[in-house]
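There are 2 protein chains.
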Amino acid sequence: MNRVAAVDVGGTTVKAAVYEPVGDGLKRVAELRRPTARGADPGSAVADQAAAMITELGATAGPIAKAGVVVPGIVHNGLAKFSANLGFRDVPMADLLAERLDLPVAFGHDVTAGGVAEHRLGAARGFGDIAFVPVGTGIAASLLLAGRPYRADGRAGELGHVDIGHDDACGCGATGCLEAVASASAIARRFTERSGIPVDGAREVLARQGDPDADAVIAEAVDALAAALRLLATLLAPEVVVFGGGLFEAPGLLERIDDKTQLTFQRKPQLRRAELGDEAGCLGAGLLALGATR
Amino acid sequence: MNRVAAVDVGGTTVKAAVYEPVGDGLKRVAELRRPTARGADPGSAVADQAAAMITELGATAGPIAKAGVVVPGIVHNGLAKFSANLGFRDVPMADLLAERLDLPVAFGHDVTAGGVAEHRLGAARGFGDIAFVPVGTGIAASLLLAGRPYRADGRAGELGHVDIGHDDACGCGATGCLEAVASASAIARRFTERSGIPVDGAREVLARQGDPDADAVIAEAVDALAAALRLLATLLAPEVVVFGGGLFEAPGLLERIDDKTQLTFQRKPQLRRAELGDEAGCLGAGLLALGATR
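Sequence order for the protein chains is A and B.
Residue numbering for the first sequence follows the UniProt record's numbering, starting at 1 and increasing by one per position.
Residue numbering for the second sequence follows the UniProt record's numbering, starting at 1 and increasing by one per position.
Please keep in mind that the hints were generated in silico from the structure rather than gathered at the bench.
Errors might be hidden in some of the hints.
Identical copies go unnamed one by one, so any copy, or any two together, can satisfy a pair.
Straight-line C-alpha distance at most 30 Å; calculated DSBU-like pairs for lysine-lysine [claimed, not checked]:
| # | residue 1 | residue 2 |
| --- | --- | --- |
| 1 | Lys268 | Lys15 |
| 2 | Lys81 | Lys15 |
| 3 | Lys268 | Lys81 |
| 4 | Lys66 | Lys268 |
| 5 | Lys66 | Lys81 |
| 6 | Lys81 | Lys260 |
| 7 | Lys260 | Lys66 |
| 8 | Lys27 | Lys66 |
| 9 | Lys15 | Lys66 |
Fair warning: this is a prediction, and the values are worked out from it, not measured in the lab.
My request is simple: use the sequences and hints to build the entire structure.
Right, here's the structure in full:
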């Protein structure tokens, strides 16, 4: 029995699945979603919930050999060091999980795991130097350099906070940050600020092509993403940059970013849309469980 | 006999040395400098010269076991793929050297080798995530991530060409590049443009503290280096950034850059002055010869 349980803890939803290794891939044999547990002790609340979901999956899907759990924020050495969203501060998550479960549990970082999954199973298969850039509420990059995650103690890849030269303030306290104009949340918020029209996310803004407010906000996001891409190409020269997030389902968006990226001598990265969608983190947790990643 | 010969080919000078491994270090037992050879076939001219210098050192310093040769530009897989300065285009340098010498020769990249030397023997000893930033005619970074050189086929680390948001043109064809305002050459050139006073390099500009033109040019270079440092901290979170080049012998320059680097949540890198001076590349070639690096 070599099935693994995988848990991806998000800000609003916890996704869990049981995977069976098949060839180089993972076959999903069961899944479960729950609203993320909150509590006075956020670390224990999440550890309790993850352990309960793994136990529940084991009861329905049959014996599980190992488990992997991933969370957002700053993760290093078994600690969930910080997550504004979940309220984590130096939570010894690896230990909390080990105390609650009778099987080996690997613990890691959600965006890193998602990048590893896109590398092994998705849009970055076959490449060595990779940036996986999920664009959602914020923007982070999972960097896989020479085939392995580069983590810098959980501090690397904060692409959302590179200065691309605008004057808008960012939640981090600086101005000019990429994510202040190009995250999905920023696109929706900036459209509503300009137009007075409330929208339910960036995809709705992208669907309003031809509306001058929508076009202006999207053009600024495209320019900002192109500037960030130039930066990645200059400093890290990735072979491929994989963009994730519902935003990129809009036709032509990658091509627009590509057109706006002004390279001179730099190696031009291939641009790809993520293939694993919102399952990337969970698949990455499955690979982590298999010991495929640290 | 475990002595190694090391050759660092520069745009104007070739430095060569014989080193003897002593403990973790390298003891220099002989050295030689020559103006860089030029010729209709620049690759053969440099290979001839490097081989002749190694042979000459062997004749004076006694038996040599192995050799290492490093060159500037884009270096990958034994090829000197490109160097504007030396006129290299896809020169099979590793093969040219092997044909000319009767001992094992390792071939590599000068700035990468310098970074490895600062890591093993110099200012970055004991760190894992390192940027070595020599500031000279241009600005490049040697990135050592999780303890090893990150190369991206010789394309990584072009820190001199990140856009830090000014309007000056760069030799690469873009505007806004770091090195267009902060390289040693740019500092000297920009001072002369403002003041009409010719100077023999950036150190002379730094020595003119209190002169409004010198102060303005240096303040702009400091701001640009601080912006580049923020980018490194955001994307790669190095533990230490080691600056090289005669410029940094000016007292207080590192502290000024540090003061201007506006970080919010990012890990603050330690800033250090390089310790190995203009011998870093040659020492790195020696380490390369020992098989200590790729």
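Indicate which option fits the pair Lys260, Lys66 if close means a Cα-Cα distance not exceeding 30 Å: within, between, both or neither. neither (45 Å within a copy, 48 Å between copies)
Reference check for the pair Lys81 and Lys15, CA-CA at most 30 Å: within, between, both, or neither? Intra 21 Å, inter 47 Å, cutoff 30 Å: intra-copy only.
Status of Lys268 relative to Lys66 across identical chains (alpha carbons, at most 30 Å): Neither: 40 Å inside a chain and 37 Å across chains, both beyond 30 Å.
Could you place Lys27 and Lys66 in one of the four classes (within, between, both, neither) given a Cα distance threshold of 30 Å? within (15 Å within a copy, 51 Å between copies)
At most 30 Å between CA atoms: does that hold for Lys66 and Lys81 within a copy, between copies, both, or neither? Within. Shortest intra-copy distance 24 Å satisfies the 30 Å Cα cut-off; inter-copy 47 Å does not.
How do Lys268 and Lys81 come out at 30 Å by Cα distance, when the copy is not named: within, between, both, or neither? between (35 Å within a copy, 17 Å between copies)
From the Cα coordinates, with 30 Å as the cut-off, is the pair Lys268 and Lys15 best called within, between, both, or neither? Neither, since 35 Å and 34 Å both go past 30 Å.
Between Lys81 and Lys260, at a C-alpha cutoff of 30 Å, which is it: within one copy, between copies, both, or neither? Between. Shortest inter-copy distance 27 Å satisfies the 30 Å Cα cut-off; intra-copy 37 Å does not.
Homomeric proximity label, Lys15 with Lys66: Cα distance no greater than 30 Å: Result: close within a single copy only, 17 Å intra versus 56 Å inter.
Figure legend: structure checked against the earlier numbered hints; hints not met, in rising order: 1, 4 and 7.
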